[in-house]
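Please take these sequences and the hints and turn them into a complete structure.
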Amino acid sequence: MEFLYFLAKTGFYATALVTLGSAVLVVTLRNLFHCALALILCLLGVAATYLYLKAEFLAMIQILLYIGAIMTLLIFAIMLTNRLADQSVSQTNRQSLPAFALLAVFNVFCIASLTAVPWKINPASLTAPIDAKILGAHLMGTYVFPFEIISVVLIIALVGAVILGRTDQ
Amino acid sequence: MFGWGIFKGMLVTLWNFLLTYFYPKKGIFTVQYPEKKIPVAQRYRNFPFLVYDGTPHMIRCVACKICEAECPPKCIYIVPEKDPEGKVLKKPAVFDIDYAICMNCGICEEVCPFDSIYMDHEYELSKYQRTEDLMAHKEELLKPWEHFAKIRPLDFERIEAKRAAKNAKAKPAAPAESSAQKPGPGLIPPRQGQEK
Amino acid sequence: MTEFLDQIFIIAKNGALNFLGVFLPDWMILLARILISVVTLVAIAPVVMMYMTWLERKVLGRIQNRYGPNRVGIFGLLQPIADGIKMLTKEDLVPKNADKVIHFIAPMVIVIAPLLVLAVLPFGRNLIAADLNVGLLFFLGVSTFGVIALFMGSWSSKNKYSLLGGMRAFAQMISYEIPMLLSVVPVILTTSSLSTVAIVEAQLQGKWFIFTPWGGFASLVFFLCGVAEVNRTPFDLPEAESEIVAGFHTEYSGMKFALFYMAEFISTFAISGLAVTLFLGGWDGPGILPSWFWFGLKTLILILIMIWFRGTLPRFRVDQLMGFAWKVFLPFTLGNIFIAALWVSLPFPGNFIADTIGITVILTLLQVFNRKEMPKKRKYLCAN
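Chains as they are written, first to last, in this note's numbering: chain W, 281 to 449; chain L, 2 to 197; chain S, 5 to 388.
Worth double-checking, as some hints may not be accurate.
As the list claims (entries may be wrong) - Okay, derived cross-link-like pairs now, SDA-like style, lysine to any residue, Cα gap no bigger than 25 Å in a straight line:
id: 1; chain 1: L; residue 1: K37; chain 2: S; residue 2: V63
id: 2; chain 1: S; residue 1: K62; chain 2: L; residue 2: F18
id: 3; chain 1: L; residue 1: K144; chain 2: L; residue 2: E125
id: 4; chain 1: S; residue 1: K331; chain 2: W; residue 2: N373
id: 5; chain 1: L; residue 1: K163; chain 2: L; residue 2: K37
In case anyone wonders, no lab produced these hints; they're calculated from the structure.
Here it is as structure tokens:
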């Protein structure tokens, strides 16, 4: 049985590696479409991470919405604005190395401060049942106000898109 | 109602589907080819053949070369036979039709004055070589007069009557009875007193 | 005896695992348990696909008053094998300017999506590969993967016609996904669970969802959206033979084309299986015959209906296609959610009446608002 735990741990490290690796690929690949595909891989890795955290509903919603809707939108945008012949665009310029060094220093500070803070964890949440039903009850109950605000934001975005896309008549 | 037309259309296809199982004769019009063939009409024209009476030596063709001259794509090649002194005999020594060139127009049949070349019904002529195998020589082209009677009975009667009227001596015995046979499938039976 | 037949696959699997348990450690038995289900599914899906192509050709032939293929085996049963051999021995052309990596992996990814979703279909009582408690969402999420793989295929060919076909396919598939998801929401409302096993168990003893007012129409919408998702006629504009060369799979030949073809047919099977699970009661049926037989029979009937559509209907034009999704299906499914909510909350006679009134209202509103697009009955003016 320990072998299975070992496999699970290796799986988690592999997932993390794939996620971070494809995230790096997104910002370094030269072909725009390849970057989009690497982003899809990254989001799949995030969904796998949710699965490790026992949030199955969130993982499936991640696949359905992020990959199924948002990435298809991104791919549509690439497809409509990119010519077929436009292929390699370098994503870095000459200042990439100093920028990288600076960001590494910033990262060290961030990680140090984040791990030093004693984050309070509600012990009940560790063993609480996570179900679509309960999520729905909370969304409609405790968190109904943010839910409605998000709906309003989405409707504004939709109406704005329709207005922007309408031809002048 | 919205969608009613689609529903009716689907019932039509369902009816067609069921018809092929319960009334196959009316439902399916496929002919399973190598086992059953669609019968061809009598006047169907495919490549020509030469006629002989009795044995392959009694070839009717006299090598007059009219069909060679009249053939539009010039696919016929005739060399008349010469006896050892050089006198021209009334037989072809070489009679070649190039099936790759022949366009099945039937003009050679129409212009032959000796009733010796007619269009055959044979269409299963696949060969392995394009030039050598498609050149039909005299031996392949010779077919008996009875073959013509079998494939084109009505024309056979007409031509026999014409030949009998022309030379009362060479009336063949067997085809006289075949004029009483029924005509081929899908054809109108001859009206009385129609042919000359 | 019927109990034995019903559970025959489970008994076989447990027997195999017991046999293996003698000489293998525990964790391997766990992996073997998963592997047996997975391998069975992955092995059966292509066979199902092959005989579905046979069925389609025969049924389509009979609808068109001809025999289907009947030369290769008796009744043409070996025809799919002949087709497989033909596709395997074809030359695999990759265009010179194509994006080689994506051109290579697109057919693979597009087959993975339908194969994955077969894991959450309950083929019979206790006969499911993975009883996820978000099974339905898994199905719907992973089927959006096929859309992306399709686009990968069309983009990587670097061919204008492929790209156009791919764009149309893409637009069609994402616009039909939304009514599909929304038409499933009433089922989730009623059973308050996302697990496919729970959904089937809520429909046992003949209380199938297709017999309810919201279910009848929602199942029709789901089925039609499913037909659109797998790009079958009448929605097969992306891959029609006479449109844009061959659509998005123009540049694929040989085995890669066979993989696209396989993905389409396994998707057909998966969508039919899901429609049966959600609306037609899954494996529910009289107990004389095993439960997996009923599932197979119902799925077969839905597949035959899809083939029937293919034999009857002409293709949609692209604007009619998109208009149908956004103007007819989407408002209907949104209204259907309210109607299902009424069904759940009112007691017995009241909910039926409320539902019929609600559906009539929605359908009337749809007809009224779509009047401009609906074709009028033609009047032919003759000279005399």
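Going through the hints against the structure:
| no. | hint | result |
| --- | --- | --- |
| 1 | L:K37 to S:V63 | holds, 23 Å |
| 2 | S:K62 to L:F18 | holds, 10 Å |
| 3 | L:K144 to L:E125 | holds, 16 Å |
| 4 | S:K331 to W:N373 | violated, 48 Å |
| 5 | L:K163 to L:K37 | violated, 36 Å |
Hint compliance for this structure: hints 4, 5 are broken, all remaining hints hold.
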